[in-house]
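Chains as they are written, first to last, in the working numbering: chain A, 106 to 422; chain B, -7 to 215.
None of these hints come from the bench; they were simulated from the model. Warning: the hint list may mix true and false statements.
What the hints assert, rightly or not - Below, in silico cross-link-like pairs of lysine-lysine (BS3-like), each with a Cα-Cα straight-line distance of 25 Å or less: (1) A:Lys296 to B:Lys40; (2) B:Lys40 to A:Lys232; (3) A:Lys398 to B:Lys211; (4) A:Lys351 to A:Lys296.
As the list claims (entries may be wrong) - Taking CB as the label site, the calculated pair distances span: (5) B:Arg9 to A:Arg255: 41 to 47 Å; (6) B:Gly88 to A:Pro402: 18 to 24 Å; (7) B:Gly79 to A:Ala209: 24 to 30 Å; (8) B:Ile190 to A:Glu110: 40 to 46 Å; (9) B:Arg78 to A:Leu166: 54 to 60 Å; (10) A:Ser132 to B:Leu99: 47 to 53 Å; (11) A:Met106 to B:Ala33: 31 to 37 Å; (12) B:His180 to A:Gly108: 45 to 51 Å.
To be verified - Chain A side only, calculated, beta carbon under 8 Å to chain B, not exhaustive: (13) Leu109; (14) Lys232; (15) Ala240; (16) Gly246; (17) Val269; (18) Ile414.
Keep in mind it's a predicted model, so treat the numbers as computed, not measured. Beta carbons are placed, not taken as given, at the ideal position from N, Cα and C, and that holds for glycine.
What follows is each chain in one-letter form.
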Amino acid sequence: MIGLEAIYILAGFMFGAFAASHALDRSNPARWRSAAFWGCFALILVAGTWLSDIASGMLVLVMVVLATLGLKPGRDVTTDAVRRQASADRLRNRLFLPALAIPAVTLAGTLLLPHVRVGAMPLVDPKQVTLISLAAGALIGLTLALRLLRSHIATAAVEGRRLVDAIGWAAVLPQMLAALGGIFAAAGVGKVVAGLVTGYIPMTLPLVVVIVYTTGMALFTVIMGNAFAAFPVMTAGIGLPLIVGKFGGDPVIMSALGMLSGFCGTLLTPMAANFNIVPAAVLELRDRNAVIKVQAPTAFLLLFANTVIMALFVFPR
Amino acid sequence: MLVLSGIAVVILGFALRYNPLLVVTLAGIVTGLAAGFDPLAVVAMLGKAFVANRFIAIAWLVLPVIGLLERGGIRERARALILRLRGATAGRVLIGYFLARQITSTLGLTSLGGHVQMVRPLIAPMAEAAAERDAPIDTETRDLVRANAAAVDNIALFFGEDVFIAIGSILLIRGFLDQYGISVTPTHIAMWAIPTAILALVIHTARLWLLDRRLARRKTVGE
Chain A
106 MIGLEAIYIL
116 AGFMFGAFAA
126 SHALDRSNPA
136 RWRSAAFWGC
146 FALILVAGTW
156 LSDIASGMLV
166 LVMVVLATLG
176 LKPGRDVTTD
186 AVRRQASADR
196 LRNRLFLPAL
206 AIPAVTLAGT
216 LLLPHVRVGA
226 MPLVDPKQVT
236 LISLAAGALI
246 GLTLALRLLR
256 SHIATAAVEG
266 RRLVDAIGWA
276 AVLPQMLAAL
286 GGIFAAAGVG
296 KVVAGLVTGY
306 IPMTLPLVVV
316 IVYTTGMALF
326 TVIMGNAFAA
336 FPVMTAGIGL
346 PLIVGKFGGD
356 PVIMSALGML
366 SGFCGTLLTP
376 MAANFNIVPA
386 AVLELRDRNA
396 VIKVQAPTAF
406 LLLFANTVIM
416 ALFVFPR
Chain B
-7 MLVLSGIAVV
3 ILGFALRYNP
13 LLVVTLAGIV
23 TGLAAGFDPL
33 AVVAMLGKAF
43 VANRFIAIAW
53 LVLPVIGLLE
63 RGGIRERARA
73 LILRLRGATA
83 GRVLIGYFLA
93 RQITSTLGLT
103 SLGGHVQMVR
113 PLIAPMAEAA
123 AERDAPIDTE
133 TRDLVRANAA
143 AVDNIALFFG
153 EDVFIAIGSI
163 LLIRGFLDQY
173 GISVTPTHIA
183 MWAIPTAILA
193 LVIHTARLWL
203 LDRRLARRKT
213 VGE
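Make the full structure from the sequences, and use the hints.
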């Protein structure tokens, strides 16, 4: 059965190739720093299951130190504008096929793979079908792109490294934030925050409770970077005891709009790195917070709208 | 109360613009120590949680394909296609992508998008090409158009996917309420995501229309 472990090893080898590509690049004075950073990440991906927690933690700390010292992009070995234009004119819309194959295969895999069996065993781990399908999509897209461009796999590694250099340490930030979420949970941060909110705000009017709940969801999501982490804390602390328990509100309407208020928080915070900081890096924007700034007006308007909708419909009339 | 010191580290660190990777790691260490764990245990917690979240790295497997296609000129081709459409503006391109992304998300097709595989190679070059059809744009304007492309991908996804009944957030709500003895159907939760989904579409489309006006004004000022 193909599980996530196989995909981790695949991703590990890819980052290992990026590290090797840096190590071989003599023109970059900081090449060992980048090579070591991506090498540590590759090692964690490949061997994470077998490494002791302390060893993984040490590797993570080494990566953080290297990133703080500063990662420098390697030599740009890609084609120039003229050759790209010529290639675009020659290959035309065929260029889109490998790119569109990624979502197409991911989608088809998600729908079909759960039904594929080898003997009595399912071919892939049924719980991880989407991620495994995404990996399959990336591999099939890569095969198509290599054939279309008549390129060698080493070229793909160098081009991938060019992109990962543009993204830099932001590529591992979402994973680090998820780890921080785990530590917050172990230390009981959520309960303390919920206690502070409920302890200091007068909760005698239904409207006040609704406002505290929706803005609390957004604020707590801003802090945690994840509405899924904020939802249980705010709903157990304020939503269920007050909106539902004290004022007889509808738990479904409350939960649905509470979660959507959390999503407004996601649009506003650098802690939701994979939605806000990573795309700024992927698109090579100079301002790390440029995406958040664009999103902010929509986020505030929608938070207001969620609060109004909840206040109007959550209570029985 | 002491466990909140990690949050203080995060707020201070981001405000002072230190490297976010460093800030987040320090916040984790500070929180762990404040909760009474010894330093080695905190390092082990960090390592364990980082390894447990390796699934996040799987999305990067698309990097070599996208890099290769950029070498082959996919961004140039995306630009050429948009320049053929005479009425295309940056705002209209992004409104089109917003609609496509939100509608597919409401059907649960959340993988038909993403910043690395869709926005960087296709959507951002299309919007940029439309913005600079008549005259070249400066770096600041280019960044503004790109940031808008990334924002559309996020907003259309967030306020589309919750209308689909089998998405993570709805399953979380259902499981959570179930623990408290409240049994609900996913359809009922999804239904209450529809008003916000429509408002997100209206509000953000209006903002993209305003973006077009702003870009047009910049152009006339430039001339």
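Quiz item: With a cut-off of 8 Å, does the beta carbon of A:Ile414 approach a beta carbon of chain B closely enough for the hint to hold?
Solution: Result: holds, 6 Å to nearest chain B Cβ.
Exercise. Return the status of the interface hint for A:Lys232: holds when the least beta-carbon distance to chain B is below 8 Å, violated otherwise.
Key: violated (11 Å)
Quiz item: CB of B:His180 to CB of A:Gly108, is that within 45 to 51 Å?
Solution: Roughly 34 Å apart at Cβ, these two residues miss the hinted range, so it is violated.
Self-check item: B:Leu99 and A:Ser132 - C-beta distance against the hinted 47 to 53 Å
Solution: Distance hint for A:Ser132, B:Leu99 holds at roughly 48 Å.
Quiz item: Holds or violated: A:Ala240 as interface residue toward chain B, Cβ cutoff 8 Å?
Solution: holds (5 Å)
Self-check item: chain B contact restraint for A:Leu109 - C-beta distance below 8 Å
Solution: holds (6 Å)
Exercise. Given the hint that B:Lys40 pairs with A:Lys232, test it: the Cα-Cα distance must not exceed 25 Å.
Key: Holds - the C-alpha atoms of A:Lys232 and B:Lys40 are around 21 Å apart, at most 25 Å.
Quiz prompt | A:Met106 versus B:Ala33 beta-carbon gap, inside 31 to 37 Å or not | solution = The hinted range 31 to 37 Å holds for A:Met106 and B:Ala33, with Cβ atoms some 34 Å apart.
Quiz prompt | Range agreement (Cβ of A:Arg255 with Cβ of B:Arg9, hint 41 to 47 Å) | solution = 45 Å Cβ-Cβ, so the 41 to 47 Å window holds.
Exercise. Take the C-beta atom of B:Arg78 and the C-beta atom of A:Leu166, compute their distance, and say whether it sits inside 54 to 60 Å.
Key: Once the Cβ atoms are compared, 56 Å apart, the range 54 to 60 Å for A:Leu166 and B:Arg78 holds.
Quiz item: Taken at face value, is the distance from the CA of A:Lys296 to the CA of A:Lys351 at most 25 Å?
Solution: holds (20 Å)
Practice problem: Mind checking the hinted window 24 to 30 Å against the Cβ distance between B:Gly79 and A:Ala209? | Solution: holds (29 Å)
The structure does not agree with the numbered hints 12, 14 stated previously, though it agrees with the rest.
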